[in-house]
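Given the coordinates of chain A, assemble chains B, C and D onto it according to the supplied hints.
4 protein chains.
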Amino acid sequence: MAVHRLVVACPDRSGIVAAVAGALAGIGANIVHADQHTDRTREPEFFMRVEFEGVAPEVADAAMDPLRRDFAMTVRTIDGETVPELAIFVSKEDHCLRELLHECRNGDLRARVGAVVGNHRELEEVCVPYGVPFHHVPVLPGDREAAERRQIEICRGVDAVVLAKYMQIVSPGFLSAFGGRVLNIHHSFLPAFVGANPYRQAHDRGVKLIGATAHYVTEVLDAGPIVEQDVARVDHRMDPRELRRIGRQVERAVLARAVRWHVEDRVIRSGDRTVVFA
Amino acid sequence: MAVHRLVVACPDRSGIVAAVAGALAGIGANIVHADQHTDRTREPEFFMRVEFEGVAPEVADAAMDPLRRDFAMTVRTIDGETVPELAIFVSKEDHCLRELLHECRNGDLRARVGAVVGNHRELEEVCVPYGVPFHHVPVLPGDREAAERRQIEICRGVDAVVLAKYMQIVSPGFLSAFGGRVLNIHHSFLPAFVGANPYRQAHDRGVKLIGATAHYVTEVLDAGPIVEQDVARVDHRMDPRELRRIGRQVERAVLARAVRWHVEDRVIRSGDRTVVFA
Amino acid sequence: MAVHRLVVACPDRSGIVAAVAGALAGIGANIVHADQHTDRTREPEFFMRVEFEGVAPEVADAAMDPLRRDFAMTVRTIDGETVPELAIFVSKEDHCLRELLHECRNGDLRARVGAVVGNHRELEEVCVPYGVPFHHVPVLPGDREAAERRQIEICRGVDAVVLAKYMQIVSPGFLSAFGGRVLNIHHSFLPAFVGANPYRQAHDRGVKLIGATAHYVTEVLDAGPIVEQDVARVDHRMDPRELRRIGRQVERAVLARAVRWHVEDRVIRSGDRTVVFA
Amino acid sequence: MAVHRLVVACPDRSGIVAAVAGALAGIGANIVHADQHTDRTREPEFFMRVEFEGVAPEVADAAMDPLRRDFAMTVRTIDGETVPELAIFVSKEDHCLRELLHECRNGDLRARVGAVVGNHRELEEVCVPYGVPFHHVPVLPGDREAAERRQIEICRGVDAVVLAKYMQIVSPGFLSAFGGRVLNIHHSFLPAFVGANPYRQAHDRGVKLIGATAHYVTEVLDAGPIVEQDVARVDHRMDPRELRRIGRQVERAVLARAVRWHVEDRVIRSGDRTVVFA
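Residue numbers (the numbering used here), protein chains in the order written: chain A, 95 to 372; chain B, 95 to 372; chain C, 95 to 372; chain D, 95 to 372.
So that you can see chain A by itself, here it is in the shape it has in the complex:
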């Protein structure tokens, strides 16, 4: 039986869980799994993710209408049968692209790669055996705008854009074209080593762990809400080149997890932070 899902956010108050669960029970839906969280950092806000079965997603969505009104609730209802579509942006490094293509192929990542967009041609051949169209969109100095218009055109309708070592800054207009659903992999344990060449920085500082951070892209460089992070142990023998090698392992693992959680609607943005129902 198909399992669908609801993602809910509203100001916190009593009775929300009962209202959501009651509305679902009232239409004969069975809750398969549910997670909830109240963020009390600021004005308390309630978040919930529900997996349910037994009714069509449209029916569940309609049943949420009274709650939308009564609880000032935003509700997204997702058809679990729909396979989300990704656009992957790359430059010259292939490890993150390969990881995502591989994970989509073997089904560990339940998504479809609709397009790969590269500002260089280097990774075109990587896409061929996966049957994924590669679009070469050079980004010329001083004409990012034209490139972004083409990129937005190519990616029309995708559920998320993944910057998989894209190495370019995108504009606010680009971000808003995708409603904030733009994920990036940063090659350090943020907030350490913001900016370029973090492996050189990490080496100079003599850190004993290096990391990677997957985050939503916002207008402030490297400051968007963090979805996932991880680290690997390094030691004094490793030069920046070796740190990069290890960093690549961490980067692709972290990005793949973040994308999986995103497409399974496990990540909810809450201000500058994220709630991850992993």
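Since the hints were derived computationally from the structure, they do not count as laboratory data. Quantities reported herein were computed from a predicted structural model and do not represent experimental measurements. Some clues are possibly wrong.
The list treats identical chains as one, so a pair stands whether inside a single copy or across any two.
As the list claims (entries may be wrong) - Each computed SDA-like pair below joins lysine to any residue, with the alpha-carbon atoms no more than 25 Å apart:
hint : residue 1 : residue 2
1    : 186       : 215
2    : 186       : 250
3    : 186       : 312
4    : 186       : 223
5    : 186       : 288
6    : 186       : 214
7    : 186       : 213
8    : 186       : 339
9    : 186       : 232
10   : 186       : 224
11   : 186       : 219
12   : 186       : 228
13   : 186       : 334
Here is chains B, C and D on its own, set in the frame of chain A:
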């Protein structure tokens, strides 16, 4: 405001979340946090842990009576103001005992150590600065029964017994006196290296990680439901003595986490396995 | 300048390091890096791995002859310019094969895949974009011998055979054809869950970590010297299928590390154990 | 047989390993273990740590004199029978102090705590059962100098000073009194979250891992050479108080490892970085 909790188990069917949440909403209780899980390994069974505030635990418990009947539900209601009481059983090694005493003292582990029971006297002095009574109960070969009678007497009323490197096998009668609430730390990554001298076994086998396992004790040695496990990296240079040193670090961390989850009612036994709402 | 290496083993006694270092200094070789270890578990045995530059490997090798005699030393001298050749054996699962092909391609694994051998045809297409020949050698029940004759023919001259989810038992004759240089990835944290279907076993036992083990293959199933192991955290929500998904991540990472250490001559077998100069 | 050690540093050139090993062999010393590293970041510098047995440390030290001259080598020779002495500086938090006292007591940390110095009295009682003298040295605003004079007096002759959550900045004069052998535990994964209240900062930034860093103290706050770092996974449910709880676990583990490596002479400072022969 005090936060109390409910721990619920019943055969799985539609509408359980709605019923629990509805019953709580009906008495004005606010759900602060909730976790749920359906184990479909065998006959599907539903488990839920709810943190709530706004009503007394007795009131919530009474409100669950109709659900006990309608859903064949077992419900435990825990007063969040009550501090659970532990008995810690030891032999000669002190690292797990110290960890638990320290964590209780600093409040990271919200429990009270009512008694330390040792079959040797070595650790008596460890208890003194913590003001915890130490009971020396020697276990003579062939007379475990008498020792256990004294132990049960000493530990009357405790919420859990923690075997913190106790190195003795306890009887079925002992286990039933504590309703299965007996936790043990095993010095290996179970099910590898069952039995004695796992660090020697680990060394001989040349493993690259050593571990520890906290589990509920059952009548079958080293086979009870696992609560927590962890490992640490080792290498060829380490002899069994060095493996033990590293193992001690893992053992005390794993046991402390398992005890914390137990006293916060985050662990639910489900056949030979556990559900841990960590 | 090219960096070459020596791998040394001999019964332990005084003066070995001085003799090796002196012999190298005597021919004008510069030691770039050196690791050594004395295994005192049994009759003390000395192991050393030296990276040197400044002289040709043949010259260094000849300079070791007196030590071979005086210290009953075995010395392997490896030309650092030579790229080792691998044969990869597969069945139907692609994650380990892809990882190794990818790592060889990007240079993180300094080796060349000379042949992929599959007892099924499923992974033939994976090899195409990498330009690696795929050999389909079915293994018929009762006729493993003929299949192994063909496999040995195909793999003549390779430096190591990697069983990358090959799922078949190989014969002692096969092992001796490759001088013990046969690596396998086992889908559990050995020695737990020896044998088939470890993820089902892990689920039934309710473990909180699952692992993978890369080891040299010996005549005793799953008992060969361990090269590398790692684990990943799992929880009660994961069914055997989900455990397999996570297990695949661990398997490919563990196998890739083990193969890298092997081809860089960082692994020395010492009885049933390994010394890994990682 | 007693195992002693040499720690060597000099400009890199050919033949150093041979010279050190030859000098030791010449006096009948047996090398039990050796590690070496050449830092090529700047002007290449060579580092070596040797464990040897069979001769007295004074004899070995004298045998190094020609090398001191010929290779511009600095050599420290350490008598392995000597137990190093530590001074531990604390304020009000006890977790790091307890860890170090416990590890020294059980022998996992081979050192003796000669003095505990607190700017508050809170941790006096912690020292009592360990028989370690506690010195209350208040640090009054505007009169750090007098306090440091007393501290230096108390700690005369110790091998290292460990700031175990001391929460005070020490002066350059203090540092030079201890020849740079002052270790600190910083409550974040440096260089992220420099300065005060890192757990609040980590929460606000929504990181998914929190860490701790043990480093040598230099005149620049939180910028000294890093000895050890580690992290623990956190999630959106944890408030700053919970992050602190988890952070304490990481802090004491990281500090204990760093202190152990320091007293075993496994840490060599190399500019702003460290070589750790762990």
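We went through each hint and held it up to the structure:
Taking CA atoms no more than 25 Å apart as the test, residue 186 paired with residue 215 passes inside one copy only; the shortest distance there is 8 Å, against 32 Å between copies. For the identical chains of this complex, residue 186 and residue 250 are intra-copy neighbours only, at 23 Å inside a copy versus 36 Å across copies, given an alpha-carbon limit of 25 Å. For the identical chains of this complex, residue 186 and residue 312 are intra-copy neighbours only, at 23 Å inside a copy versus 41 Å across copies, given an alpha-carbon limit of 25 Å. In the homo-oligomer, the alpha carbons of residue 186 and residue 223 lie at most 25 Å apart both inside one protomer (18 Å) and across protomers (17 Å), since each shortest distance falls under that limit.
When the C-alpha separation of residue 186 and residue 288 is checked against a cutoff of 25 Å, the pair qualifies only within one copy, where the shortest distance is 21 Å, while the shortest distance between copies is 34 Å. When the C-alpha separation of residue 186 and residue 214 is checked against a cutoff of 25 Å, the pair qualifies only within one copy, where the shortest distance is 7 Å, while the shortest distance between copies is 34 Å. Taking identical chains as interchangeable, the C-alpha atoms of residue 186 and residue 213 lie at most 25 Å apart only when both belong to the same chain, with a minimum of 8 Å there against 35 Å between chains. With identical chains, the CA atoms of residue 186 and residue 339 are at most 25 Å apart within one copy only, with a shortest distance of 15 Å there and 28 Å across copies.
Taking identical chains as interchangeable, the C-alpha atoms of residue 186 and residue 232 lie at most 25 Å apart only when both belong to the same chain, with a minimum of 12 Å there against 39 Å between chains. Taking the closest pair of Cα atoms, residue 186 and residue 224 come within 25 Å of each other both inside a single copy (18 Å) and across two copies (17 Å). Proximity of residue 186 to residue 219 under the C-alpha cut-off of 25 Å is found in both arrangements, the shortest distances being 12 Å within a copy and 24 Å between copies. For the homomeric pair residue 186 and residue 228, the shortest alpha-carbon distance inside one copy (13 Å) is at most 25 Å, but the shortest distance between copies (28 Å) is not.
In this assembly of identical chains, the alpha carbons of residue 186 and residue 334 lie at most 25 Å apart only when taken from the same copy (19 Å versus 37 Å across copies).
Every hint, counting from the list given before, is met by this structure.
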